[in-house]
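Q: Spelled out from the first residue to the last, the chains are:
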Amino acid sequence: MKRFGDFTAVDGIDVEVRSGEAFGFLGPNGAGKSSTMRMVGCISPPSGGELRILDLDPVRDGPVIRARLGVCPQLDNLDPELTVRENLTVYARYFGISRRAARERAAELLDFVQLTERADSKVEPLSGGMKRRLTIARALVNEPEIVLLDEPTTGLDPQARHLVWERLFRLKQQGVTLVLTTHYMDEAEQLCDRLVVMDGGRIVAEGSPRALIERHSTREVVELRFAAESQEPFAGKLDGLGERVEVLPDRILLYVADGDAAVAEVATLGLNPANVLVRRSGLEDVFLHLTGRTLVD
Amino acid sequence: MAGVVGVSVAGSAREQGRTALPRVPALAVFNYFLVGYRRTWRAGVFSSFLLPVLTVLGFGLGVGAYIDQGVGGVRYLDWLVPGLIASTALQVAIGDSTWPVFSNFQWIKTYFAQSAAPLRVADILAGHLAFVMFRVLGTIAAFLLVTGLFGALRSPWALATLPVVTLLGLAVAAPTFAYAASVSSDSWLAMLFRFAVIPMTLFAGVFFPVESLPDALRWLAYATPLWHAVDVCRAATLGVAPQWSIVGHLLYLAAWALAGWLLALRAFRRRLVV
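Quick mapping for you: the protein sequence lines, in order, are chains P and F.
Numbered according to our numbering, the first sequence spans residues 161 to 457.
Numbered according to our numbering, the second sequence spans residues 1198 to 1471.
The set of hints was computed from the structure by calculation and includes no laboratory data.
It is possible that some hints are incorrect.
Unchecked claim - Have a look at the derived ranges for each label pair, beta carbon to beta carbon:
| # | chain 1 | residue 1 | chain 2 | residue 2 | range |
| --- | --- | --- | --- | --- | --- |
| 1 | F | Trp1238 | P | Leu235 | 48 to 54 Å |
| 2 | P | Asp280 | F | Arg1463 | 37 to 43 Å |
| 3 | F | Ala1217 | P | Glu241 | 39 to 45 Å |
| 4 | F | Arg1468 | P | Leu216 | 20 to 26 Å |
| 5 | F | Val1250 | P | Gly190 | 57 to 63 Å |
| 6 | F | Thr1237 | P | Glu374 | 19 to 25 Å |
| 7 | F | Arg1468 | P | Ala395 | 48 to 54 Å |
| 8 | F | Arg1463 | P | Pro240 | 39 to 45 Å |
| 9 | P | Ser281 | F | Val1268 | 53 to 59 Å |
| 10 | P | Gly367 | F | Arg1239 | 56 to 62 Å |
| 11 | F | Arg1468 | P | Thr276 | 31 to 37 Å |
| 12 | P | Thr276 | F | Trp1238 | 27 to 33 Å |
| 13 | P | Asp280 | F | Leu1455 | 40 to 46 Å |
| 14 | P | Asp280 | F | Val1242 | 21 to 27 Å |
Glycine is no exception: its CB is placed at the ideal position from the N, C-alpha and C atoms.
Only chain P is shown next, with the shape it has when bound in the complex (with noise of 0.2 Å):
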């Protein structure tokens, strides 16, 4: 269970992170993620086991460990006094890098995060999507081996998500290790390689995202809604239909391999429901399905 080359969460179970791949780790809140995360970083030393990164000992090696990673933690902390270049310049001293290399890499850095127009100004007014991208930039600076991304596109909006999962794409082709927790399952399918699902300190999956819906779910949903009260009394008929029938308050869901020919079949059954939407299956379905419905504070 401690073996080498092995990841183990709360419970003991293991996964392994390979070089130059992209890595996520889902789960709801209070799962373990950001625990995990800051292990990895080295920061928190593990209570017990073994901890492997880039092949050394994170209890003995933390320094060096951490000259070659890159960490975008979940809130920003960024200098809100300094400029966006300070920001940049200040902290790749810190990982040795000579004043006038740091200079180069933080001109390099604002052009790949586009806020080239931004250098000069302070951090406080930038927007949240230009804080998060300064943020990972800032994690780039020392050219790291492992990027570890807690949440990076949380609280974002859609056009600064887009633009963020397009450079770490980008980080991805250039071979750099990533390693994200995140909640939002288009996230994972977009960027990860393979992921775990967390859930109460558990792992209860592993895969890549399309063998984890292969396993946990089928190819197509068809969620259906009733023009009535409770969905309950059509749950029945349905029976049998697909692989699984879910209920909930206002609608059913229907996971079947074609949803077309289930949707065919619901008509021939005589229901009529209001709202019928097919679509494909998802990694939220797989993660619904693993971690529950139920609200995790």
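Take the given structure of chain P and dock chain F to it, following the hints.
A: Chain F alone, transformed into the frame defined by chain P:
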């Protein structure tokens, strides 16, 4: 919250990145505070010069005019200035170690950003303390310049106050760092001024000799780091021997600095390594 854990993360498939570390990591941290200071020093520099001018005029010449015989035969202004040098150093050192340290944990969270870089907790602590010492030195250099122009420094030994106030600064800043890193709300910081800085400034021999205090209070004054710095500074600017041995004074301040450093390191580790 984690129990048994075994993590392995491999690096990038591309060429290995840089692994260089800063030669003196604390200097990189010091540089950070210096860059921030570049934006605010102008406002500070004005008050650094104004404060000694006002205190020299108000206390030294104003109050001094009523003290005909001076203190032990020394003009009151000349006797007072070294005390003010030490107490100003104390105030700058503690002022710069309270809200700024608290904020770096609680509000701006700079320390957390720094601890994700290849810096050790000791580097972060040393870098910030070095900046506080730099502030103390700058303020006292201005103070010496002004009071020197008023003719209140009687001996070239006055320059020796610079290393002395730096040591005093460290002796009080280090435990204050520990305190600011441990309190849960910033209202505790104001208490430090009310119950430590102000009483020390009033009763540790800055404005009048501690010999005029009743015995119990006099021993309290001896226990403060401020009194030891005041006695050395006074000896330096007047060009006379101090009341106690200089080595004894410096050792006492060094003991405060060392104990403060250890306490601060422990408090910082508690916050940063969790």
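Q: Now tell me if each hint is right for this structure.
A: Results of checking the hints against the structure:
no.	hint	result
1	F:Trp1238 - P:Leu235: 48 to 54 Å	29 Å, violated
2	P:Asp280 - F:Arg1463: 37 to 43 Å	40 Å, holds
3	F:Ala1217 - P:Glu241: 39 to 45 Å	28 Å, violated
4	F:Arg1468 - P:Leu216: 20 to 26 Å	25 Å, holds
5	F:Val1250 - P:Gly190: 57 to 63 Å	58 Å, holds
6	F:Thr1237 - P:Glu374: 19 to 25 Å	59 Å, violated
7	F:Arg1468 - P:Ala395: 48 to 54 Å	53 Å, holds
8	F:Arg1463 - P:Pro240: 39 to 45 Å	29 Å, violated
9	P:Ser281 - F:Val1268: 53 to 59 Å	55 Å, holds
10	P:Gly367 - F:Arg1239: 56 to 62 Å	59 Å, holds
11	F:Arg1468 - P:Thr276: 31 to 37 Å	35 Å, holds
12	P:Thr276 - F:Trp1238: 27 to 33 Å	28 Å, holds
13	P:Asp280 - F:Leu1455: 40 to 46 Å	43 Å, holds
14	P:Asp280 - F:Val1242: 21 to 27 Å	23 Å, holds
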